[in-house]
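Peer 1: This is what each chain is made of:
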Amino acid sequence: GAVVSQHPSWVICKSGTSVKIECRSLDFQATTMFWYRQFPKQSLMLMATSNEGSKATYEQGVEKDKFLINHASLTLSTLTVTSAHPEDSSFYICSAALPGNEQFFGPGTRLTVL
Amino acid sequence: GQQVMQIPQYQHVQEGEDFTTYCNSSTTLSNIQWYKQRPGGHPVFLIQLVKSGEVKKQKRLTFQFGEAKKNSSLHITATQTTDVGTYFCAPSGGYQKVTFGTGTKLQVIP
Numbered sequence: 001g002a003v004v005s006q007h008p009s010w011v012i013c014k015s016g017t018s019v020k021i022e023c024r025s026l027d028f029q030a031t032t033m034f035w036y037r038q039f040p041k042q043s044l045m046l047m048a049t050s051n052e053g054s055k056a057t058y059e060q061g062v063e064k065d066k067f068l069i070n071h072a073s074l075t076l077s078t079l080t081v082t083s084a085h086p087e088d089s090s091f092y093i094c095s096a097a098l099p100g101n102e103q104f105f106g107p108g109t110r111l112t113v114l
Numbered sequence: 001g002q003q004v005m006q007i008p009q010y011q012h013v014q015e016g017e018d019f020t021t022y023c024n025s026s027t028t029l030s031n032i033q034w035y036k037q038r039p040g041g042h043p044v045f046l047i048q049l050v051k052s053g054e055v056k057k058q059k060r061l062t063f064q065f066g067e068a069k070k071n072s073s074l075h076i077t078a079t080q081t082t083d084v085g086t087y088f089c090a091p092s093g094g095y096q097k098v099t100f101g102t103g104t105k106l107q108v109i110p
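Protein sequences, first through last, are from chains D and R.
Our numbering applies: residue 1 is where the first sequence begins, and numbers increase by one.
Our numbering applies: residue 1 is where the second sequence begins, and numbers increase by one.
Hints were generated in silico from the structure; no laboratory data involved.
Hints are supplied without guarantee of correctness; some may be wrong.
Said to hold, decoys possible - Keeping only pairs whose Cα atoms sit at most 30 angstroms apart, straight-line, the calculated DSS-like set for lysine-lysine is:
| no. | chain 1 | residue 1 | chain 2 | residue 2 |
| --- | --- | --- | --- | --- |
| 1 | R | K56 | R | K97 |
| 2 | R | K70 | R | K51 |
| 3 | R | K36 | R | K56 |
| 4 | D | K64 | D | K20 |
| 5 | R | K97 | R | K36 |
| 6 | D | K41 | R | K56 |
| 7 | R | K59 | R | K70 |
| 8 | D | K66 | D | K14 |
| 9 | R | K105 | R | K56 |
| 10 | R | K56 | R | K70 |
| 11 | R | K70 | R | K36 |
| 12 | D | K41 | D | K66 |
| 13 | R | K57 | D | K41 |
| 14 | D | K66 | R | K97 |
| 15 | D | K14 | D | K55 |
| 16 | D | K20 | R | K97 |
| 17 | D | K20 | D | K55 |
| 18 | D | K66 | R | K51 |
| 19 | D | K55 | R | K51 |
| 20 | D | K55 | D | K66 |
| 21 | D | K55 | R | K97 |
| 22 | R | K105 | R | K59 |
| 23 | R | K56 | D | K64 |
| 24 | R | K105 | D | K41 |
| 25 | D | K64 | D | K14 |
| 26 | R | K57 | D | K20 |
| 27 | R | K36 | R | K59 |
| 28 | D | K41 | D | K14 |
| 29 | R | K36 | R | K105 |
| 30 | D | K20 | R | K36 |
| 31 | D | K20 | D | K66 |
| 32 | R | K97 | R | K70 |
| 33 | D | K41 | R | K59 |
| 34 | R | K105 | R | K51 |
Stated by the list, open to error - Chain R stretches covered by chain D per the calculated footprint, using a threshold of three residues with CB under 8 angstroms from any CB of chain D:
| no. | segment |
| --- | --- |
| 35 | 48-57 |
| 36 | 96-103 |
Unchecked claim - Far from chain R, by Cβ distances over 10 angstroms, these chain D residues were calculated:
| no. | residue |
| --- | --- |
| 37 | P8 |
| 38 | S43 |
| 39 | L44 |
| 40 | L46 |
Virtual Cβ for every residue (Gly too), placed ideally from N, Cα, C.
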């Protein structure tokens with residue numbers, strides 16, 4: 001199947017700093033990517049839909065000014081957590097799908113904010 | 001939107017026993033996907049069901065979509081330790097957007 005990578009796989013940062021997470025589709029072009037957040041022992045919650053060349057679509061309750069999404073090319077979407085706080089500590093996972101096909105998930109990025 | 005509920009939340013079974021997780025929605029679903037997430041890992045696509053009453057099998061796994069397209073189930077026959085993980089049902093909506101159910105965590109005791 002298709003491969004999606006994420007970088008970094010884990011990051012620890014101080015409260016108030018910003019963190020950028022990259023999501024890449026390695027062997028296919030993805031016009032749409034998705035960003036999820038998963039807290040311990042909970043399900044994945046969709047944060048936003050990242051559209052190549054246009055603004056992301058955020059789910060209800062997700063602050064677009066705090067979670068900046070940029071989908072600059074057909075193979076790369078980035079999520080920047082701005083002014084991170086301890087409550088933003090979570091497992092962030094991206095996914096990409098071929099049209100009419102299953103979604104392929106990245107390995108995830110574990111963010112810890114001190 | 002409302003999250004799709006899954007029951008049970010947790011299930012411990014002895015290796016060799018069967019396991020079933022149920023997925024329930026208050027609204028009619030156009031389709032439903034199933035994913036497996038191993039501890040510490042990311043979700044891996046298992047299958048997609050589209051038709052009312054559809055039943056699909058993958059070796060020891062049997063997936064079913066309800067007649068009213070409001071519920072679905074995953075049944076594992078004769079569980080093995082490799083089946084350990086959390087199983088999510090996930091309705092897929094417009095623009096391929098997938099929203100995950102609450103999940104069922106399966107633990108298999110050797």
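Peer 1: Has the given pair, R:K105 with R:K59, been kept, meaning a C-alpha gap of at most 30 angstroms?
Peer 2: 20 angstroms, holds
Peer 1: Hint check: D:K41 vs R:K56, CA-CA at most 30 angstroms. Holds or violated?
Peer 2: It holds: about 28 angstroms lies between the C-alpha atoms, which stays within 30 angstroms.
Peer 1: Under a C-beta cut-off of less than 8 angstroms, do 3 or more residues of the segment 96-103 of chain R approach chain D closely enough to confirm the stated coverage?
Peer 2: holds (count 8)
Peer 1: Holds or violated: are the alpha carbons of D:K64 and D:K14 at most 30 angstroms from each other?
Peer 2: Holds. D:K64 to D:K14 sits at ~21 angstroms (cutoff 30 angstroms).
Peer 1: Assess, step by step, whether the Cα of R:K105 is no farther than 30 angstroms from the Cα of D:K41, and give holds or violated.
Peer 2: Holds - the C-alpha atoms of D:K41 and R:K105 are around 9 angstroms apart, at most 30 angstroms.
Peer 1: Starting from R:K70, check that the Cα of R:K51 is at most 30 angstroms away, please.
Peer 2: 11 angstroms, holds
Peer 1: Regarding the pair R:K59 and R:K70, is the alpha-carbon distance no greater than 30 angstroms?
Peer 2: OK: R:K59 and R:K70 at ~25 angstroms, within 30 angstroms.
Peer 1: Taking only the CA atoms, is the gap from D:K64 to D:K20 under or equal to 30 angstroms?
Peer 2: OK: D:K64 and D:K20 at ~14 angstroms, within 30 angstroms.
Peer 1: Assess, step by step, whether the Cα of D:K41 is no farther than 30 angstroms from the Cα of R:K59, and give holds or violated.
Peer 2: Holds, because 28 angstroms separates the two Cα atoms, which is no more than 30 angstroms.
Peer 1: Is the nearest CB of chain R more than 10 angstroms from the CB of D:S43?
Peer 2: 5 angstroms, violated
Peer 1: Need the status of pair D:K66, R:K97: alpha-carbon distance at most 30 angstroms?
Peer 2: 22 angstroms, holds
Peer 1: For a C-alpha distance cap of 30 angstroms, please report whether D:K55 and R:K97 respect it.
Peer 2: 16 angstroms, holds
Checked against the numbered hints above, the structure breaks hints 18, 19, 23, 26, 35, 38, 39 and 40 and satisfies the rest.
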